[in-house]
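Protein chains in written order, with this note's numbering: chain S, 1 to 75; chain C, 1001 to 1248; chain E, 2001 to 2164.
Think of the hints as simulated: they come from the structure by calculation, not from any bench. Even for Gly, the Cβ is constructed at its ideal location relative to N, Cα and C. Among the clues, some could well be false.
[Stated by the list, open to error] Which residues of chain C face chain S? A few of them, derived with a C-beta cut under 8 Å, are:
hint : residue
1    : 1038
2    : 1040
3    : 1043
4    : 1184
5    : 1185
6    : 1229
7    : 1233
[Stated by the list, open to error] Computed cross-link-like contacts, BS3-like style, restricted to lysine-lysine with a CA-CA straight-line distance of at most 30 Å:
hint : chain 1 : residue 1 : chain 2 : residue 2
8    : C       : 1051      : S       : 7
9    : E       : 2046      : C       : 1075
10   : E       : 2034      : C       : 1051
11   : C       : 1178      : S       : 32
12   : E       : 2128      : E       : 2158
13   : E       : 2049      : E       : 2034
14   : E       : 2059      : E       : 2069
15   : E       : 2087      : E       : 2100
16   : E       : 2049      : C       : 1075
17   : E       : 2034      : C       : 1042
18   : S       : 46        : C       : 1178
[Claimed, not checked] Covered stretches of chain C, as calculated for chain E (at least 3 residues, CB under 8 Å):
hint : region
19   : 1056–1068
20   : 1084–1093
21   : 1214–1227
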Amino acid sequence: MEIEAAKYLAAGIAIGLGAIGPGIGEGIAASKALEAIGRNPEASGKITPLMFVSMAITESTAIYALVISLIILFG
Amino acid sequence: MGLNISLAPEVLFHIGSFTVTNTYFWFFCLWLFLVVGAIIFKSRIKLMPGKFQNLVEMAISGAYDFTESIIGPGKKAERAFPLVATMFFFILISNLLAYIPGQAAITINTSGGIVPLFRSIVADYGFVFMMTISVVILIQIIAIATSGPFAYIGKFINLRSPLKAFLGIMDLIGEIAKIVSLSFRLFGNIFAGEVLAAVMLFLAPFFVPLPFMFLGLLTAVVQAFVFSVLTLVFISMASEVSPEKATA
Amino acid sequence: MRLIEALGLDLKIFIAQLVNFSILIFVLWRFAYKPVFKILEERRQKIAKGLEDSDESAKKLAQAEEEKKEIVSLARKEANEIIEEAKGRAETRYQEIVDKAKGDLKIVIDDEKEKIRAERNYAIKEVKKEAEQMIADALLKIFPEKANEASDAKMIEKALEDLK
């Protein structure tokens, strides 16, 4: 295999696998937040921003994967 | 494929040795718009608000209330507010600018080939990196100011036990990771949205890109929000005295 | 590193953006956030003041209402007093007038009575005189020679006295 092709392959695999975990995690965060809002609708104003923040932090893993794939591609 | 996706912003022209990219061009336009708008706004502000003033007041006071709800009321919120709110409004407006219909079609011919005139400002890593690095440096300054220089260094270099030394190194890595995660989150989301929209437009120009554009619109708002909220959370964490010091 | 190049990082643009962004933060803080907070505070105070004023004016209105009631009742009382007094005065005056009228009437009546009495007396005197004369004349006719006027008169007088 040529090194260039291997790089592309590696970058694709890195971001693809890296996106799995945060995808699941964000789904769980959203479902739990919606559950909480369903149980206590008055608290939605407090829950929603917290949900976005925690989802953003969960997303970090995918972002690291993105950075790694960018480094593989261009580094 | 007729699609060329460039990670870097396209160069429009040069002024002397200064390279003007399309994102910098739009950054400057938005900057000028906001500065002039703010000065005009100040001169037109009235006790009886008009529709526009009402909107601005609502946005600013809403943002301030939200800031207070995260960082706590008082001096801290007052100090953090200008930075965080400016970031929020700037990112939000620049993200929404990308949804002005028809702007993607305008291209200009430069020495580097045909390049689109418009590019979402946040889809330029340089700008996001600038904001992030300033935020992270500011956080370090706040942390030093609140807990003192020795406690600040002691957080990272701790030789009392191997576990604490390891945790200190992890903290150091965490600080660096903050820069990467904060900047790439915003940049990655907006850039991915742009690329997705471009690919969809390339594959199926009619109707198919619409749901993706709506998703992109949501992302535009949410990411502006997340970036400023995370900044706020980092600032509030840095400005709190660490529990170790409080107990000691 | 090729990554930096690929991402399009440029030190000059970086510095320009940093400076511009700092200016933007300052300008927005100075020309947008601060005036808005100031005007919001001003408006809040004005509304609070307005509410206070309206409370106060409502209180004043109630007070004025109370005062008005008091004044009206006082005025009514006074009016009643005045009417009462006037009535009393009118009563006394009436009495006075009536009394005076009665007095006047009495005087007039007394006068009249006096007059009538005087007249009667006069008339009686006249009649007496007349009668004396007539009797004297008659006696003179009956007894022409024995006429002595002086004694006659005495006699007639005596007779008349006896008649009485």
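Status of the hints after comparison with the structure:
{"no.": "1", "hint": "1038", "in the structure": "violated (26 Å)"}
{"no.": "2", "hint": "1040", "in the structure": "violated (32 Å)"}
{"no.": "3", "hint": "1043", "in the structure": "violated (34 Å)"}
{"no.": "4", "hint": "1184", "in the structure": "holds (5 Å)"}
{"no.": "5", "hint": "1185", "in the structure": "holds (5 Å)"}
{"no.": "6", "hint": "1229", "in the structure": "holds (5 Å)"}
{"no.": "7", "hint": "1233", "in the structure": "holds (7 Å)"}
{"no.": "8", "hint": "C:1051 to S:7", "in the structure": "violated (55 Å)"}
{"no.": "9", "hint": "E:2046 to C:1075", "in the structure": "holds (24 Å)"}
{"no.": "10", "hint": "E:2034 to C:1051", "in the structure": "holds (19 Å)"}
{"no.": "11", "hint": "C:1178 to S:32", "in the structure": "holds (26 Å)"}
{"no.": "12", "hint": "E:2128 to E:2158", "in the structure": "holds (12 Å)"}
{"no.": "13", "hint": "E:2049 to E:2034", "in the structure": "holds (22 Å)"}
{"no.": "14", "hint": "E:2059 to E:2069", "in the structure": "holds (15 Å)"}
{"no.": "15", "hint": "E:2087 to E:2100", "in the structure": "holds (19 Å)"}
{"no.": "16", "hint": "E:2049 to C:1075", "in the structure": "holds (26 Å)"}
{"no.": "17", "hint": "E:2034 to C:1042", "in the structure": "holds (9 Å)"}
{"no.": "18", "hint": "S:46 to C:1178", "in the structure": "holds (24 Å)"}
{"no.": "19", "hint": "1056–1068", "in the structure": "holds (count 5)"}
{"no.": "20", "hint": "1084–1093", "in the structure": "holds (count 4)"}
{"no.": "21", "hint": "1214–1227", "in the structure": "violated (count 0)"}
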